[in-house]
Amino acid sequence: MNKILLIIKREYFSRVKKKSFLIMTFLVPMLIIGMYALIFALSMKGGDNIPAVEVIDDSGIFNKGLENKKSATFSKSELTLSEAKQKVIKNEDAFVLYIPADIASGGTIEMFSQKKAGLSVISTIENQLNDQMRTKLLADAGIDALTLDKIKPKLSVVSKELTLEGEKDSSSGAAMAVGFAAAILIYMSLFIYGIQVMRGIIEEKTSRIVEVVISSVKPFQLMMGKIIGIGLVGLTQFLLWITLSIGLMTVASQIIFKGKMEQIKSEMPINKQAAAPSNDGPGMDIIKAVQTVNWTYILPVFIIFFLGGYMLYSALFAAVGSAVDSDTETQQFMLPITLPLLFTYIMSFSFIVNNPDSSLSFWLSIIPFTSPIAMMVRLPFGVPNWELALSIVLLIGGFIFTTWVASRIYRVGILMYGKKVSFAELGKWFMYKE
Amino acid sequence: MLSIRNIVKQYANHRALDNVSIEIEKGSVFGLLGPNGAGKTSLIRIINQITAPDQGEIFLNGEKLNPSHISKIGYLPEERGLYKKMEIGEQMLYLAQLKGLSKTDATARIRYWFEKMGIQSWWNKKVEDLSKGMQQKVQFIATVVHDPELIILDEPFSGFDPVNAQLITNEILELNQKGATIIFSTHRMESVEQLCDSIALIHKSKKILDGKVKDIKNLYRNNTYRIAYSGILNPVETPLFNINEEKKDEEVTQLTIQINPGYSSNDVLKFLIPQVQVTELTEIVPSMNDIFIQNVKN
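Taken in order, these protein sequences are the chains called A and B. First residue of the first sequence? That's 21 in our numbering, and the numbers climb one at a time after it. First residue of the second sequence? That's -12 in our numbering, and the numbers climb one at a time after it.
Not one of these hints is a red herring.
With beta-carbon atoms standing in for the labels, derived distance ranges:
| no. | chain 1 | residue 1 | chain 2 | residue 2 | range |
| --- | --- | --- | --- | --- | --- |
| 1 | A | 54 | B | 59 | 52 to 60 Å |
| 2 | A | 448 | B | 248 | 49 to 57 Å |
| 3 | B | 199 | A | 443 | 48 to 56 Å |
| 4 | B | 113 | A | 440 | 26 to 34 Å |
| 5 | A | 371 | B | 112 | 53 to 61 Å |
| 6 | B | 42 | A | 448 | 14 to 22 Å |
| 7 | B | 53 | A | 204 | 45 to 53 Å |
| 8 | B | 164 | A | 417 | 52 to 60 Å |
| 9 | B | 53 | A | 440 | 31 to 39 Å |
Note that these hints are calculated values from the structure, not bench results. Backbone N, C-alpha and C fix where the C-beta goes; we use that ideal spot for every residue, glycine too.
From just these sequences and the hints, can you work out the full model?
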């Protein structure tokens, strides 16, 4: 037991001390925060460079003019089409909207500018023109537009989850996003850390240290020490990411929202401050949404499924690593490992998302080889505790099984040098007696 | 010290060891000889408890081999290496602790050996920055750092330059004088012949010969002598011996002879001295290699 601790320590510290680990650990949250800040900055911006559109209306239908919106401002132009076109050629900031006289009989409305007009500008124009056109056509047909609006039904369904704990909104977007992110994270990390286990074993084999080490410890101890050590590296990385992200996020939101909050407070009459949060803007919405997620439930489940899935797959990666002499030979053995992962990943985001409670989704989240990813996707939709417990128990059983299979291949494989190995050969190794 | 009894190791379609029994005395330098693929490494791995035999037992100091013996054995495998990216000192500490030394003991013993080999300055170097010869020294230290009672060296000199080979040989003999038992395993039989007190020959998974080197050689002496003389021997024909080989240069004649039963080298000398000037008479003792070839042919 003491020796396996030594091995875990070596595997762990030799990786955590590496520069690449530090870079990855600090860079990833920075990137996430950076992206978040960039999106926020872009959504907050919008104020400058609003195109000023001059409207030439030869049809006379739209004499009410177009309303100024966030994306564009409008003004009536007395210029002729050819004059306006000249203006556009000379002035790169000019936008001209031309409505021909024959618009009612199928003429085309055109927008002239040097720079291509943005999608939001075009859609603002289309909406307004269609609205006015509709009002006119309704009036022509003798129907009052207001009456018509009244008869248009506006029903919708709000989904509520009713459990013993009371009712709650189930279509919580943030919880879903977190579940999906967790599934993707597990998918990627199973590969990243599994391959680290495989590489570590290939390295020990090619550097020929392995026989020296296993003259002191059992091959099983060496394999488990490596798997646990690298798993702890993964766990450390996740925990650092989470802590750093939360820390940076708090700092960033304080800086961004401080000014905003003061502005809101000063604008609000004192007695209305309680209602203030609804007007906080997009950034605050995200923060609030993040707070609605049940972290104390999702985080432990995530860590359990990450560890379980990691143990299960890294044992298989270990068996592959022991059977080959170099990275390039791993290809043929990787396929049976990659396939179930890839299959679950594709199924998760095409099928399970839409049918989280179907029997296929159930089985995918129960079978150990697929459950680490599938369960994460199902989690936001509500998973009964007994299913969760069953899945975890089977996952533990699963990794005990793969570890047992892998260790039987591993103990023979690590001492085989320069031998091209087939699946049949692996089977033979598995059958060898101690 | 080490008693190997009726070991059988069977792989899927070949038998690596077939009923091999060997006794190794405490304090001896033992040669485990045989061509490549004979089963030497299989046997060594069983002694090191890396693999287990299908049949048979091994006793170390009278106790059946068990995990507590790991710290009493030092093993330098034929396929040997080190972690390339790890610093030497740290790596030695790791390997020594795996052998069961405490961190303080390990540090002290490593320092002792580094000083002895004059490599104190390597502590913080990475293995990949060392030459092959330097790495061999480090590997040797890793083998003996925990002061093992039994040191097993599998093809120890393959890849060693002559200077290093001599250095390591001296260290091994010194350890032997301090009481350690040494097992050399090699297919180059001449290389350890002079080092070993006893040997075992393994061929095609079977032990074909073992015993003290002196005894084995006595057993295989066949009254062959080399003689050299100047002058003319006449008549050459004699009932004393048969000539196997004759070489003549200008003055000296060299003969390889086999003395016939009932006669001794003194009788040959008596026959020669009246006629010629004898410059040499040496018994040709068969080398381990000759003995091996002779055994394999039978």
